[in-house]
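Visitor: Protein chains in written order, with the working numbering: chain A, 275 to 490; chain B, 17 to 209.
Be careful, since some hints might not be right.
DEER-style ranges, computed between Cβ atoms [said to hold, decoys possible]:
| # | chain 1 | residue 1 | chain 2 | residue 2 | range |
| --- | --- | --- | --- | --- | --- |
| 1 | A | Q313 | B | R95 | 17 to 23 Å |
| 2 | A | K459 | B | S94 | 33 to 39 Å |
| 3 | A | V390 | B | Q54 | 40 to 46 Å |
| 4 | B | S159 | A | N341 | 27 to 33 Å |
| 5 | A | K459 | B | E41 | 18 to 24 Å |
| 6 | A | G470 | B | Q54 | 24 to 30 Å |
| 7 | A | K340 | B | E43 | 37 to 43 Å |
| 8 | A | V390 | B | I60 | 38 to 44 Å |
Keep in mind that the hints were calculated from the coordinates and are not lab data. The C-beta atom is built at its ideal place from N, Cα and C for all residues, glycine as well.
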Amino acid sequence: MNFFLHIASNLVKGPVPGDAGGEGASEEISDAELVRRCQKGDYDAFDVLVTRHRGRVYAMIQNMVKNEADSWDLAQEVFVKVWKALPKFEARARFSTWMYRITHNVVYDWMRKRKVETAGELDDNLLDRESVAAGAHATPAREARPDEALSQGELRASIEGALEKLSPEHREAILLREVQGLEYKEIADVMDCSIGTVMSRLFYARKKLQSLLTKS
Amino acid sequence: MKNDRKEELLTRWMDDGLSDEELRELEPVLDESPELHQERADYIRLREDLRAAMPAEVDPPFPDYFNSRLGRVIREGSRASSSAESPRAARGLNRLWFWWMVPAATGAVVFAFLLGMKSGQSANPAAVVDSAAGSEVYSPLASVSTEVILDRESNSTLLIVEGLAPLEDVDLAVGGGFRDGHHGYYVNTEKVY
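The whole structure should be built from the sequences, with the hints applied where relevant.
Guide: Below is the structure:
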């Protein structure tokens with residue numbers, strides 16, 4: 275009698291890819307040098323780049339998407355696209371800025387598809403320019419500082435909640451500037467807009483963020 | 017002053033990035049709205065809170081698997097570039113990895129037990145199993161070891177997972193019967209632990 279067993283989740287994984295470059299050495303090699311090696315087809319160099327940058331890419335996506343599984347998938351997609359596009363990368367921008375640009379495209383593609391699938395559930399215009407006047411005060415009446423009455427955990431939840439209420443463009447501008455520490459020009463490159471637009475997005479996003487946190 | 021210019025100067029003022037000349041340009045606005053100073057101080061505190069609450073870097077879950085899977089996808093993609101499987105196309109399977117590990121491992125424990133019993137009855141146990149070259153099972157836990165063995169005679173694959181906590185029998189629904197002309201044992205791995 276044949277001995278046969280059926281496991282519903284038949285998910286034996288395929289062959290492991292070749293050995294990755296050691297993480298220990300990654301600190302000594304610049305991104306530019308790793309990119310140069312990648313462009314010659316060195317996958318180990320790419321693995322070092324992935325290890326070096328996956329945390330920032332994942333954090334950025336996670337803060338935009340707010341879903342662990344989707345963030346994981348999208349981060350994978352980002353690096354697949356990075357690998358495919360590396361031969362055309364000309365190093366006019368920093369590798370990390372270029373990578374954020376790809377991350378931006380992947381996230382916005384996902385949002386657009388999701389928006390179609392959910393028939394407008396995702397509203398890009400949660401905040402339009404008119405909803406916060408240029409001269410408006412984000413802190414209309416000075417009461418207690420938003421964080422004064424909040425514990426660290428509550429503060430984090432409060433900040434995350436406020437960020438989620440921003441439009442994707444405003445949220446991304448805030449995250450790229452305040453969390454990832456990019457310069458205005460880099461943000462403009464990532465978001466494919468002018469520096470003036472970046473300034474405007476930051477201006478209104480900050481006001482809205484302060485307003486939301488003051489209310490909460 | 018035009019709104020766009022005002023927004024730009026105020027934004028850069030918040031970031032402490034104005035030159036002396038720009039600061040002089042902004043002074044009339046600040047004189048007109050002195051509360052902006054308080055707003056700026058509040059935002060600087062908020063920025064500190066934001067940075068504390070939202071780390072710039074968070075490793076994805078199972079980071080080593082992240083790299084190994086990425087490598088596999090890229091290599092498979094380059095091998096079959098004409099009919100390249102896009103990462104999105106693989107997403108359905110990929111999503112499963114979050115959920116299959118423990119149930120699959122559960123099934124493997126039972127299967128290992130059953131196969132062990134069967135192997136014990138074989139006249140030539142060594143001929144029953146063969147290493148499954150080219151396959152891999154990823155365990156997210158360092159304390160859990162995995163091994164894949166291919167049983168060519170029965171065209172089945174054995175997953176051995178060691179180091180898992182004991183499972184209650186009631187957690188497993190095991191049955192037997194014919195499937196596709198073969199007699200077999202069936203393990204319900206649908207449940208997620």
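Visitor: Would you mind marking each hint as holding or not holding in the structure?
Guide: Going down the list of hints, with the structure as the test:
no.	hint	result
1	Q313(A) with R95(B): 17 to 23 Å	holds, 20 Å
2	K459(A) with S94(B): 33 to 39 Å	holds, 34 Å
3	V390(A) with Q54(B): 40 to 46 Å	holds, 44 Å
4	S159(B) with N341(A): 27 to 33 Å	holds, 28 Å
5	K459(A) with E41(B): 18 to 24 Å	holds, 21 Å
6	G470(A) with Q54(B): 24 to 30 Å	holds, 26 Å
7	K340(A) with E43(B): 37 to 43 Å	holds, 41 Å
8	V390(A) with I60(B): 38 to 44 Å	holds, 40 Å
Every hint, counting from the list given before, is met by this structure.
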